[in-house]
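*Asks:* For reference, the chains in residue letters:
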Amino acid sequence: MRYIIPVKYRIFKHALQSVCKVSVVFRRFNYTCSKLVVPEAPSDKILGLNDLFKRDQNKNKVNLTVGIYKDEKGSVTTLLSILEAQKIVEKSNNHDLSYLPIAGHEGYRKAVKRFLFDECVSKGEIIEQERISLIQTLSGTGALAITSRFLSTFVSDTVWISDPSWVNHDNIFEKNGFKNINHYSYVKNGILTVDEWLDDLKRDPGKDKSTKPQAVVLHACCHNPTGIDPTKEEWERILDEIYNLNMIPIVDMAYQGLDTGNLKNDAYLLKMILNEKKYKSWSNGIFVCQSFAKNMGLYSERVGSLSIVVPPNSEGLKKNIDSQLQKIVRSIYSSPPSYGSKIAYSVLSDPILKEKWFQDVEKMVNRLTHVRMEMHKRLEWPDLINKNQQHGMFYFINLNEKQIKYLRDKYSIYLTLDGRMSLSGVNSSNIDYVCAALKDAIS
Amino acid sequence: MFEDIPLLPADALFGIKQRYGQDDRALKVDLGIGAYRDNEGKPWVLPSVRKAEKLIHEDPEFNHEYLGITGLKSLTDGAAKVILGEDSAALKEDRVVSIQSLSGTGALHVSAKFFSKFWPSKKVYLSNPTWANHKTIYEVQGLTTSVYSYWDAASKTLCIDGFVNAIKSADEGSIFVLHACAHNPTGLDPTKEQWVKVIDALREGKHIALFDSAYQGFASGDLANDAYSVRLGVEKLSEELPIFICQSFAKNVGMYGERVGCFHIVLPLKETSKTLEETKAAISSQLARIIRSEVSNPPSYGAKIVAKILNNTELTQQWHEDMVTMSSRINEMREQLKNHLTSLGTPGTWNHITEQTGMFSFTGLTKEMVARLETNYGIYMVPNGRASIAGLNTGNVKYVATSIDETVRQFST
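Protein chains in written order, with the working numbering: chain A, 589 to 1031; chain B, 53 to 465.
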């Protein structure tokens, strides 16, 4: 069901057969074909569902697939703080449409570094110690892609990803040089399975991690797709183990602010990792892949960053890493797109505007919490409002594929097949309809 | 391991920019930059871009929702028409797969990933010399590159025989990266007759042509003229072979920082067992997978601007005029530089300056001369003698000419 690629490959093989008559291609093809087992990309799934949704004639139809924030009226609007920033950019610094430097907009890079490492986690001293190599990236995906390109070149080609995870995670690491992609247990019946998670990290092929360090992807908050995060105590256990195994933490920070409504609070995982009293030195660095797509609503402008934090007392290392990151960027796209970074920079560099942005984020989260509460009133499903478990924009619903299809066929309510439901698509005009349908589907 | 990561040398152009910035001489000239400057030496926002921006901001529908993985369709459709021509047979026959890319580099990179996956043993031929990044883009993906002769340093002309011979002696089915127009760094393009020779040789060897089109319309001010090689290639080569096109809107729209470009694959005309639709779907799915693994989906702002320009008759017209404005200023500067050098009697020939086209001139100045120009006169250019003509204006062209004159005389015995 999930593995449809072989068919695609067959079609493509014929396509190429027609395109060129070089036998080498086919040998390679068969080889590729037999070696590659890739799950269908989720966004294709999502886009496919969107097409179905568009064609659906039912006037009560509801789209709960895409991870984009929608307001109470069901529309995608630009945050007030971002609207202001757009005006500033229009008026002031958008007269120069030159290339940004390879590493990105300089003001933006400085502001993001300050925001993440000083304001959010109070670790300004690592900035002063010149231990953070930060580049502007094409949102979270771009940061992850460059991370995997970099790590697979110099440090490690083995990574651990949660099961389930954002499905593009596998694809990114696979396409950017990683040979071993392993999965650690994450949830069972809607409950986080920390013991199994840690057992997985310790088992083969993960035994000898000192000579060949391995990377592990951690969702900073609002785990995608489950919405279930470890508690602080659980995180401590997890980090202790990861540290003892000499693993490389890759912090995927895509939903900062959308958990508690407070951007600073939501950086807790990064803060815990950077506790140098406890974890003296992450000897192969800490990788922070951060995105403003969701919390600034700048989805399509592709604004994010990759920070690599080097261990204490590693003089010169940051400079070397800077140079290598630039080489990678140069060969993929030369320099990043500027518009989104100018907007984010305007927000981050102006204290008043930044405060407004904080409020915008809080407002989004308040609405999502309200949706959870209202759904709980109607459904009485305890995990909807269990703050220890379910966070953010998504609600991981305990329905099987058959039930999800039933929702689509009978009610025109669209969810992705893994049971991820985007809560921002629910509002007062459709909540009764959605909840009644869910009740029906479950029985 | 982590602590053993080596330091790479800084980008040469970045060094130039830095030294230029720190130079406090009143009279200094930056001929390093690869971006258009107006006669005051300032970056220029095209009026068509300004108008498009305004329309976009006024549109109540303007938001930041994700584009599809393969990009904004109104951009990719419009862009295909720009490069292939409104009445392109390939477009009428619906044989073109187009996706949005992060400008030219992004398109080249996607081609490199595509080649390394499906044609890992094909050799990629690059012109000698070529844009410094070409080699890296392909080699980073594990492909082997080689060169074809292009520039004859002694005569400062195109080495057409060497070029054609390289094509003839390459293994059948090799990949040739061709500069569609305004060759970087030499600024020297084949004539129309020479292009016919090149394309015919490619056809004979069943080679794959990849056109890197970074300066369409910027070079001559005329889109069709600057797409001559591409359209000829599509016409003569696409019977049996696919053609790849990497298209950038950085220079011709003057929007360098927004990374707008497209990657097109023109499929062969020849009938196959698969329907065209199936072939196109398969290729799109492969390209989408590459995009998805690196950027998820492309940036939208610049794409919306270019799409607006391409889909609004008035703006399209304005854009055409804007390209004429840029190209004629550059050509005027070429003319003036050459005339000054000729009237000064500077040793050597200088016709090549006006025979070359696009942003750059491959001046023929040696590394030592370039260094002297920087030290003694505050004139900055790449050590290989590549000068960005966009850095010249009526206020500095004479100064540059006399400085070159003095420098060349120092080195001529």
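Hints should not be assumed to be uniformly reliable.
What the hints assert, rightly or not - Here are the simulated DSS-like cross-link-like pairs (lysine-lysine), alpha carbons at most 25 Å apart as the crow flies:
no.: 1; chain 1: B; residue 1: Lys-187; chain 2: A; residue 2: Lys-763
no.: 2; chain 1: A; residue 1: Lys-763; chain 2: B; residue 2: Lys-169
no.: 3; chain 1: B; residue 1: Lys-103; chain 2: A; residue 2: Lys-767
no.: 4; chain 1: B; residue 1: Lys-125; chain 2: A; residue 2: Lys-658
no.: 5; chain 1: B; residue 1: Lys-106; chain 2: A; residue 2: Lys-679
no.: 6; chain 1: B; residue 1: Lys-169; chain 2: A; residue 2: Lys-698
no.: 7; chain 1: A; residue 1: Lys-906; chain 2: B; residue 2: Lys-69
no.: 8; chain 1: B; residue 1: Lys-106; chain 2: A; residue 2: Lys-675
no.: 9; chain 1: B; residue 1: Lys-144; chain 2: B; residue 2: Lys-322
no.: 10; chain 1: B; residue 1: Lys-187; chain 2: A; residue 2: Lys-675
no.: 11; chain 1: A; residue 1: Lys-675; chain 2: A; residue 2: Lys-942
no.: 12; chain 1: A; residue 1: Lys-698; chain 2: A; residue 2: Lys-944
no.: 13; chain 1: A; residue 1: Lys-675; chain 2: B; residue 2: Lys-288
no.: 14; chain 1: B; residue 1: Lys-169; chain 2: A; residue 2: Lys-915
no.: 15; chain 1: A; residue 1: Lys-1027; chain 2: A; residue 2: Lys-975
no.: 16; chain 1: B; residue 1: Lys-187; chain 2: A; residue 2: Lys-915
no.: 17; chain 1: A; residue 1: Lys-658; chain 2: A; residue 2: Lys-944
Worth flagging that the hints you see were computed from the coordinates, not collected in a lab.
*Asks:* Compare the structure with each hint and give your call.
*Replies:* Structure-based check of all given hints:
{"no.": "1", "hint": "Lys-187/B <-> Lys-763/A", "verdict": "21 Å, holds"}
{"no.": "2", "hint": "Lys-763/A <-> Lys-169/B", "verdict": "10 Å, holds"}
{"no.": "3", "hint": "Lys-103/B <-> Lys-767/A", "verdict": "49 Å, violated"}
{"no.": "4", "hint": "Lys-125/B <-> Lys-658/A", "verdict": "24 Å, holds"}
{"no.": "5", "hint": "Lys-106/B <-> Lys-679/A", "verdict": "11 Å, holds"}
{"no.": "6", "hint": "Lys-169/B <-> Lys-698/A", "verdict": "38 Å, violated"}
{"no.": "7", "hint": "Lys-906/A <-> Lys-69/B", "verdict": "22 Å, holds"}
{"no.": "8", "hint": "Lys-106/B <-> Lys-675/A", "verdict": "11 Å, holds"}
{"no.": "9", "hint": "Lys-144/B <-> Lys-322/B", "verdict": "15 Å, holds"}
{"no.": "10", "hint": "Lys-187/B <-> Lys-675/A", "verdict": "41 Å, violated"}
{"no.": "11", "hint": "Lys-675/A <-> Lys-942/A", "verdict": "15 Å, holds"}
{"no.": "12", "hint": "Lys-698/A <-> Lys-944/A", "verdict": "20 Å, holds"}
{"no.": "13", "hint": "Lys-675/A <-> Lys-288/B", "verdict": "49 Å, violated"}
{"no.": "14", "hint": "Lys-169/B <-> Lys-915/A", "verdict": "21 Å, holds"}
{"no.": "15", "hint": "Lys-1027/A <-> Lys-975/A", "verdict": "22 Å, holds"}
{"no.": "16", "hint": "Lys-187/B <-> Lys-915/A", "verdict": "12 Å, holds"}
{"no.": "17", "hint": "Lys-658/A <-> Lys-944/A", "verdict": "19 Å, holds"}
Violation of the numbered hints given earlier is confined to hints 3, 6, 10, 13; the remaining hints are satisfied by the structure.
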